[in-house]
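**Q** Residue numbers (my numbering), protein chains in the order written: chain A, 1 to 171; chain B, 172 to 670.
If you're looking for bench data, these hints aren't it; they were derived computationally from the structure. The C-beta atom is built at its ideal place from N, Cα and C for all residues, glycine as well. Just to be clear, a hint being listed does not mean it is correct.
Said to hold, decoys possible - Chain A side only, calculated, beta carbon under 7 Å to chain B, not exhaustive:
1. Leu11
2. Pro24
3. Ser28
4. Asp56
5. Ile75
6. His100
7. Val109
8. Ile110
9. Pro111
10. Asn113
11. His117
12. Ala119
13. Lys153
14. Gln155
Here are the chains, one letter per residue:
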Amino acid sequence: METFTNEILDLNQLPKHEAISLTPLHPSYWKVMLIKIAIAFLFIAVLAILAINFIDETAGHQTVIWSTYAFLLAIILFFTRLSFKKKAYAFREHDVIFRHGIIATTTMVIPYNRVQHVALHEGLLERNFGLAKVELFTAGGIASDLGVPGILKPQAEDIKQLLMGKIQIQL
Amino acid sequence: MENHFNHPQRQSKIGIIVLFADSLQKYARAFLPIAFIFVLKGDTINVLYLYLGLLAIVVIVGVIAYLRYINFTFYIDDQKEEFIISEGIFNKTRTSIQLNKIQQVNLSQNIVHRIINVYALDVDTAGSDTKEGNIKAVSHEMALALKSKLLENENKVKTTEFTEITDPKTNFSVPFLKIDLVSLFKIGITSNYVRTIGLLLTFFFTIYDGLSQAGKTDVVSSDNVNSLIENKPIIYVILMFIVVMFAVVFILNIARTVIKFFGYTVAKQKGSLVLSYGLINTKSTILKPEKVQITKVSSNYFQKKLNVLEIKIKQAVGHADNKNKNIIEIPGCNSQEADEIIKLLFKELPQEGEMLKPNFRKLGFSIFLLIIVPLSVFYSVGHWVKPVIFDYVSIAVFYAVAITILLCFGFRNYRLFVNDDYIIKQSGAWDVDKEIIQIEKIQALTTSQLFWHKNINIGSLTLHTAGGNVTFYLGKFDRINQLVNLWLYKLETQNSNWM
Chain A
1 METFTNEILD LNQLPKHEAI SLTPLHPSYW KVMLIKIAIA FLFIAVLAIL AINFIDETAG
61 HQTVIWSTYA FLLAIILFFT RLSFKKKAYA FREHDVIFRH GIIATTTMVI PYNRVQHVAL
121 HEGLLERNFG LAKVELFTAG GIASDLGVPG ILKPQAEDIK QLLMGKIQIQ L
Chain B
172 MENHFNHPQR QSKIGIIVLF ADSLQKYARA FLPIAFIFVL KGDTINVLYL YLGLLAIVVI
232 VGVIAYLRYI NFTFYIDDQK EEFIISEGIF NKTRTSIQLN KIQQVNLSQN IVHRIINVYA
292 LDVDTAGSDT KEGNIKAVSH EMALALKSKL LENENKVKTT EFTEITDPKT NFSVPFLKID
352 LVSLFKIGIT SNYVRTIGLL LTFFFTIYDG LSQAGKTDVV SSDNVNSLIE NKPIIYVILM
412 FIVVMFAVVF ILNIARTVIK FFGYTVAKQK GSLVLSYGLI NTKSTILKPE KVQITKVSSN
472 YFQKKLNVLE IKIKQAVGHA DNKNKNIIEI PGCNSQEADE IIKLLFKELP QEGEMLKPNF
532 RKLGFSIFLL IIVPLSVFYS VGHWVKPVIF DYVSIAVFYA VAITILLCFG FRNYRLFVND
592 DYIIKQSGAW DVDKEIIQIE KIQALTTSQL FWHKNINIGS LTLHTAGGNV TFYLGKFDRI
652 NQLVNLWLYK LETQNSNWM
């Protein structure tokens, strides 16, 4: 009871989660995304070539097929680039913030004292670029779990250690 | 004599009957095809063999039931603070549940339990659903003793929270709320129309489908129907149909509500609520206030007039697929009783506080989605594909008007109330729901804003709790962000017990 105070909170004095500058994902993550698109479109291209050569109905529609293909590729590249640009994160003292979304900008905030466990995820491609994804799980189910991709492996390790420490303290 | 459950012990002896019934039910499915063949060929097989066969089955099942009884033991390990159940005749299974993980202990009775007066006891944990304990048959005293033992052990961990007098007499069931038959009737006739109509339609179509597959559509052929309604004005037929429909819905609703919730009592026990209800299967559930995540109070216009309302309580869920299990319904209490229950859950009555309204664009968007889009589809189909459907233009108009009214009411009721400790979201057009969340139960917060809403400063907010999410669409984004900052501050400066 010795130094108990109970001042009125000034809402404008509180740290503003929406105003802080967030860290963008590591540039190498864009390469990972590109390679994933390339693999998918290579697969589609193979299918298209097979279709053109073996299905008679496609004869004479080659231009249509390939222009659709190019159009789709362009659109997907554009939106992937946009989504990469839009993704950003911040690990604050007491919570983690992750922002993403092309049409709607969605910002998720999870206080560390609600995190149940932390995991580090490395995909095959990500590993080749030395990247990892920090995954945070809460008791709120799938909707309130969070994965922050595109962080350099050593950094991700540090973050995980830090979070583990924060969780441990509360227990 | 007080039972400490420290040593492995068996279920009630008479409970063998329950195990017998349970096993019989299990094997009946496997034996059914064989039995069916026997019955079909009944005249060629000696009746004696049939009876002998049946007797053999009963004896075998009886032996299995006995072995299951012998091999089933449970006890509480005081050192490790675990509840341990061992079962299995050949494949032994040992389930141990940490006492402080126990979320609920449910007592239930089916018809067999009722006859021999024993109870089944289920132990629910917060985590995975594989590790759940289920004891098939124990006597009433034992069930109650075990239940209180299991839950009392948990209270030890947080002794400071419950400083109530634990007088052994008041320990068990002093119901402070009993829901009478009249209230159940009131709830039955005023709720769940849509669900029951849906069920009815499904039922009807299943039957119809079954009949048409069996080639017996002539039972309900159009001739029959025509003769029934001929020479009568169309409006009369429609009215008759509506009246019959409503009558059926009312009866089904009342029957469902009464069977499910008959004799609903709420009792206080060591800071928890004990709910028991049911006509055929009696269920008893323990509800701990600190495990409540979202409390939903709903009522509609009729229910307000009749002074009844429904409370749904969502507890922490381990997995998405057993969500329904963790919703507890309290049907048909009046507003004072509801206040009492809410006071028990929160230790006070949450006040509504500051009100946030949605932007009018929310109404605009729903009108666009539910009226303009379907009507344009209707018009385009009529204009270009099948002009015949313009005969039904009155239905389209009726639909548009009805939906508009519903949406307007829904918009008017759509509010978010915020005060120091609670967030209350109000929504619904006919059934008005109030979802109450304690700020400390929030697990994560999400804000979302469409890029064309940036300049007009509106956006959405989602509160994630262990009992599900609550979203408020298109409120003032500045204010939402300010509130998020405030809530984050509150969550991060104190380590509250959210479960």
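**Q** All the hints need checking, so say for each whether the structure fits it.
**A** Hint check results:
no.: 1; hint: Leu11; verdict: holds, 5 Å
no.: 2; hint: Pro24; verdict: violated, 18 Å
no.: 3; hint: Ser28; verdict: violated, 27 Å
no.: 4; hint: Asp56; verdict: violated, 31 Å
no.: 5; hint: Ile75; verdict: violated, 18 Å
no.: 6; hint: His100; verdict: violated, 10 Å
no.: 7; hint: Val109; verdict: holds, 5 Å
no.: 8; hint: Ile110; verdict: holds, 4 Å
no.: 9; hint: Pro111; verdict: holds, 5 Å
no.: 10; hint: Asn113; verdict: holds, 6 Å
no.: 11; hint: His117; verdict: violated, 12 Å
no.: 12; hint: Ala119; verdict: violated, 16 Å
no.: 13; hint: Lys153; verdict: violated, 25 Å
no.: 14; hint: Gln155; verdict: violated, 23 Å
Checked against the numbered hints listed earlier, the structure breaks hints 2, 3, 4, 5, 6, 11, 12, 13, 14; every other hint is satisfied.
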